[in-house]
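Those protein sequence lines, which keep their order, are chains A and B. 88 is the number of the first residue of the first sequence in this note's numbering; add one for each residue after it. 88 is the number of the first residue of the second sequence in this note's numbering; add one for each residue after it.
There may be inaccurate statements among the hints.
Once the Cα atoms are required to be at most 16 Å apart in a straight line, the calculated EDC-like pairs of lysine to aspartate or glutamate come out as [claimed, not checked]:
| no. | chain 1 | residue 1 | chain 2 | residue 2 |
| --- | --- | --- | --- | --- |
| 1 | A | Lys-260 | A | Asp-214 |
| 2 | B | Lys-260 | B | Glu-229 |
| 3 | B | Lys-207 | B | Asp-253 |
| 4 | B | Lys-385 | B | Glu-117 |
| 5 | B | Lys-385 | A | Glu-386 |
| 6 | A | Lys-385 | B | Glu-386 |
Worth flagging that the hints you see were computed from the coordinates, not collected in a lab.
There are 2 protein chains.
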Amino acid sequence: MTLPMTVPDPALPRRVQIYEVGPRDGLQNEAGIVPTAVKREFIERLVAAGLRTVEATSFVHPAWVPQLADAEELVAQLPLSGPASLPVLVPNERGLDRALAAGVRHVAVFASATETFARKNLNSTLDSQFAMFEPVVVRAREAGLDVRAYVSMCFGDPWEGSVPVDQVVTTGKRLLDMGATQLSIGDTIGVGTPGHVATICDAFAGVGVGVGSGELAMHFHDTYGQALSNALAAIQNGIVCLDASAGGLGGCPYAESSTGNLATEDLVWMLTGLGIEHGVDLQSLVDTSVWMAGVLGKEPASAVVRALRT
Amino acid sequence: MTLPMTVPDPALPRRVQIYEVGPRDGLQNEAGIVPTAVKREFIERLVAAGLRTVEATSFVHPAWVPQLADAEELVAQLPLSGPASLPVLVPNERGLDRALAAGVRHVAVFASATETFARKNLNSTLDSQFAMFEPVVVRAREAGLDVRAYVSMCFGDPWEGSVPVDQVVTTGKRLLDMGATQLSIGDTIGVGTPGHVATICDAFAGVGVGVGSGELAMHFHDTYGQALSNALAAIQNGIVCLDASAGGLGGCPYAESSTGNLATEDLVWMLTGLGIEHGVDLQSLVDTSVWMAGVLGKEPASAVVRALRT
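Put together the whole structure using the sequences plus the hints.
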């Protein structure tokens, strides 16, 4: 298999954690409904390829996301005590109850950095969304769970346009103060560029958030082809946890085109070239994404997958 | 039109020159043969969109590249004294003669950084290729022309694997010493990563080549999705001239998949976000690439074009 020549940059982190979102954020935004057994195999293959954090599903109401209506059934089949952490998204306390009953050890909530998206996605407001998340975060932490908080629309919003960095930091900080163990700062519509990434990292560092400790993760979409260069900028600014989706699965219903998440394989290629540890066997991952693209009947979005499929 | 929020990075260059290669490197590697009138319109639209360097065609033997067999006819229709420089590729003295007869003011030669590619592409050797280029470069310079020298396979070679940086620098330096006015360091198969970009920039700077003056340009392919992050790394290392292809046109016959050049639109998006001047009107460029994709009957490779087409 072709691999990049490794030319490390000593200024960069030694290791980056990949938070794999394909089974949840990817499949949630694909048109088809994938059978539970296929989802289980997908997750198992991702873990076998070396991924150590794989967001498995969402305990959202099935009417909202029919693609993930089998959350209980799926989680019951997963190795929750295996080598990988398998977080699930919980939109509210009802979702948390279901997650706790299923024995999940790691949950995530999904907040908005903008007023309009809070209204449209959460039927809430920028300010009052916290009242919804607080009991989820507090109860999850009391139960000993890790709690990730996604903050969406941090680099731009399709209705509001640009989003002030202060507003992003205030939103994220409130979620951390509530007890969240990690933030995932999302460029939900893919409009970000590297200077913007640097500014957001600096602003969080300025209020004491652990950029280099993994407390701050970043989540890029490739709508305008910027995801990997933004990931590079994030790493250059000390970020050590990046979200990615195997094969670039997924899409964003709020952007002008359906391009999905940063592809895990493309990120793995760059990290390998930079000599940054990631723990992933690239060919196993490519094979997994080729198989899943076949299940979905679509061309993989990842350039590495297209180049290395056999 | 959606545009990124501009968040400049004061450490980066104020302006980057885009060397547009779509009409030559792009169309040369597309399957179909485009009519001369369409090529002329393509070039005129690229110039109207603000691009100030557009490589127009190649005076290669028509049997080798039938896509560009109309070079004389095309160049005769171009505004060679207009606002944009319109370089042409010349593979040898015969090509230079044709270019000079056509009144071209800017030519480019195409060298190899590796033994195997020199043999396969030039029917020469790493060392003896210079004997072929020297009279071209010397005579072109005597005629007052600018001469760009492409150096291909600088980041890896499909037959040899990794390519020593010293070999790249030695090859490039010989072309400059011969009289070439600019080098374009090519990642012909798209395997490069940012640390590798930095190392090559440093190595050229170490032998006195003007990285920040535009004497060193870089040319990335997106085979593994790395082109834009490598472009970012290049800019961060002082490079102020980058090659790109409108719509991501083109491909590489020597790589495992047919992905093409860095898409000009994706680069323009990043530069805009970084507050780096580029002079291009993005929507005009997108419209041009949408039109050309229609002519070629293919989906545009550029994410920005797919997102912003109307």
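Structure-based check of all given hints:
Our distance criterion of 16 Å between C-alpha atoms is met by A/Lys-260 and A/Asp-214, whose separation comes to about 13 Å. Distance check on the hinted pair: B/Lys-260 and B/Glu-229 sit about 20 Å apart at the alpha-carbon level, beyond 16 Å; violated. A threshold of 16 Å between alpha carbons decides the hint, and for B/Lys-207 with B/Asp-253 the separation of about 22 Å lies outside it, so the pair is violated. Simply put, B/Lys-385 and B/Glu-117 have alpha-carbon atoms about 10 Å apart, close enough for the 16 Å limit, and the pair holds.
With a CA separation close to 15 Å, the supplied pair B/Lys-385 and A/Glu-386 stays within the 16 Å bound. This hinted pair checks out: A/Lys-385 and B/Glu-386 have alpha carbons roughly 15 Å apart, not beyond 16 Å.
Of the numbered hints given earlier, the model fails hints 2, 3; all others are met.
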